[in-house]
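Number of protein chains: 2
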Amino acid sequence: MLKDLTRKSRSYRRFDNSVAIPMATLEDLVDLAGICPSAGNKQPLRFILSTSPQDNEVIFDCLKWAAYLKDWDGPTPSERPSAYIVMLNTAKDWDFAKFDLGIMAQTMMLGAVEKGLGGCMVGAIDRDRLRAHLSLPPELEISLVLALGKPAEDVRIVDMPADGSVKYYRDEAGVHYVPKRGSGELVLQKLEK
Amino acid sequence: MLKDLTRKSRSYRRFDNSVAIPMATLEDLVDLAGICPSAGNKQPLRFILSTSPQDNEVIFDCLKWAAYLKDWDGPTPSERPSAYIVMLNTAKDWDFAKFDLGIMAQTMMLGAVEKGLGGCMVGAIDRDRLRAHLSLPPELEISLVLALGKPAEDVRIVDMPADGSVKYYRDEAGVHYVPKRGSGELVLQKLEK
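Just so you know, the sequences run in chain order A and B.
Heads up: the first sequence begins at 2 in this note's numbering, then just goes up one per residue.
Heads up: the second sequence begins at 2 in this note's numbering, then just goes up one per residue.
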């Protein structure tokens, strides 16, 4: 079951923008994040939730999409995310905050997929502009933006190519391919006996 | 479903060491990690899997347990983990490796819980000793150890105490309590309309 969910939880960048996401859905995802493990149980992360078309437009304009797809300008208005979760860090000097960030982001994304949604964890952010729009105090670091919507693209995991390139790519039909390392490459030692 | 799994996926530190974990179980968890999203799709993490009692003993001796429980010396031999996944980083200078670490560690832990197991993500490691035991080359960083077993303790999420302390604690019966922030504290803004 979790394997199915994990497999479906791809990084989606094109959505059906006509499908709205209720605020209650984002709240459910935050409830999941709230019961995740946290390094030293410090729980330094905070959230801003947006389902507002006006705010979504500003947040969208602060994000850069799909660094490896040089010929793509990002999702068109009808393909854009319907909601965002802005993840903020209250502990800039805590080395494990980024670890917590991965734990929570992944858990919320799996939760979104379980609800028939999907999204993308976006780290390429115009932080100054987003900070100004959200009126954030300087001590809050903008860590990540989760873009969420009803996926409207086909994203597939494929084996790593012979040249070892990790770059995802699309074919002419727009299918998006993500090369993943096999377990033969990931596992360095098996200690038994 | 995922909420139930996430809630059950606590940091367990006492196990039934008589329950062995097959190598195939660890391989299943690595398969889950292999299909997780990865920042820039770089997939810099690697794994060493141990179900070997001899190696487990050395790995155990390299770990420090439960920083907040000053009066507890860690799990007794019969309470120790049955298996370990050592998570290694091939990209020390890649700032997002720790983010990937959180994504993968959490996904593998959820997978372990789905299999009736549980564990603890341990970051307090005697890295020099573990590196020597595993004969690791200097370019591989020891990021984290996942300790896994059949949980043999009751771990419960509770509301944050009035003093805001994040320290987990145990009662006289040995029940382990983990204070978690509520959504009222986690969510700073809700943008609707």
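Treat the hints as calculated values from the structure; they're not laboratory data.
Values in this document were obtained by computation on a predicted structure and should not be read as measured data.
A hint or two may mislead.
Identical chains share a label here; the pair holds if one copy fits it or two copies do between them.
[As the list claims (entries may be wrong)] Subject to a maximum C-alpha distance of 30 Å in a straight line, what follows is the list of computed BS3-like cross-link-like pairs (lysine-lysine):
| no. | residue 1 | residue 2 |
| --- | --- | --- |
| 1 | K194 | K168 |
| 2 | K43 | K194 |
| 3 | K71 | K194 |
| 4 | K116 | K191 |
| 5 | K9 | K71 |
| 6 | K151 | K194 |
| 7 | K71 | K191 |
| 8 | K151 | K93 |
| 9 | K168 | K191 |
| 10 | K65 | K191 |
| 11 | K168 | K43 |
| 12 | K168 | K9 |
| 13 | K43 | K151 |
| 14 | K4 | K194 |
| 15 | K181 | K43 |
| 16 | K93 | K4 |
| 17 | K9 | K65 |
Structure-based check of each hint:
Taking the shortest alpha-carbon separations for K194 and K168, neither the intra-copy value of 39 Å nor the inter-copy value of 37 Å comes in at or below 30 Å. Neither within a single protomer nor between protomers do K43 and K194 lie at most 30 Å apart by alpha-carbon distance, with minima of 38 Å and 33 Å respectively. Taking CA atoms no more than 30 Å apart as the test, K71 paired with K194 passes in neither setting, with 50 Å inside one copy and 34 Å between copies. In this homomeric assembly, K116 and K191 come within 30 Å of each other (Cα to Cα) only across copies, at 20 Å, whereas the closest approach inside a single copy is 37 Å.
Taking identical chains as interchangeable, the C-alpha atoms of K9 and K71 lie at most 30 Å apart only when both belong to the same chain, with a minimum of 25 Å there against 42 Å between chains. Taking the shortest alpha-carbon separations for K151 and K194, only the inter-copy value of 19 Å comes in at or below 30 Å, while the best intra-copy value is 47 Å. When the C-alpha separation of K71 and K191 is checked against a cutoff of 30 Å, the pair qualifies neither within a copy, at 40 Å, nor between copies, at 34 Å. In this assembly of identical chains, the alpha carbons of K151 and K93 never lie at most 30 Å apart, being 33 Å within a copy and 35 Å across copies at closest.
In the homo-oligomer, the alpha carbons of K168 and K191 lie at most 30 Å apart inside one protomer (29 Å), although the nearest pairing across protomers, at 35 Å, exceeds that limit. For the identical chains of this complex, K65 and K191 are inter-copy neighbours only, at 23 Å across copies versus 40 Å inside a copy, given an alpha-carbon limit of 30 Å. For a Cα distance limit of 30 Å, the shortest separation of K168 from K43 across copies, 8 Å, qualifies, whereas the shortest one inside one copy, 35 Å, does not. For a Cα distance limit of 30 Å, the shortest separation of K168 from K9 inside one copy, 19 Å, qualifies, whereas the shortest one across copies, 36 Å, does not.
Proximity of K43 and K151 under a CA criterion of 30 Å is satisfied inter-copy only: 26 Å between copies versus 33 Å inside one chain copy. Taking CA atoms no more than 30 Å apart as the test, K4 paired with K194 passes inside one copy only; the shortest distance there is 28 Å, against 36 Å between copies. Within a single copy, K181 and K43 get their C-alpha atoms only as close as 32 Å, which misses the 30 Å cut-off; across copies the closest is 9 Å, which meets it. Proximity of K93 to K4 under the C-alpha cut-off of 30 Å is restricted to the inter-copy arrangement: shortest distance 28 Å between copies versus 33 Å within a copy.
For the homomeric pair K9 and K65, the shortest alpha-carbon distance inside one copy (23 Å) is at most 30 Å, but the shortest distance between copies (36 Å) is not.
Of the numbered hints stated above, those contradicted by the structure are hints 1, 2, 3, 7 and 8, listed in ascending order.
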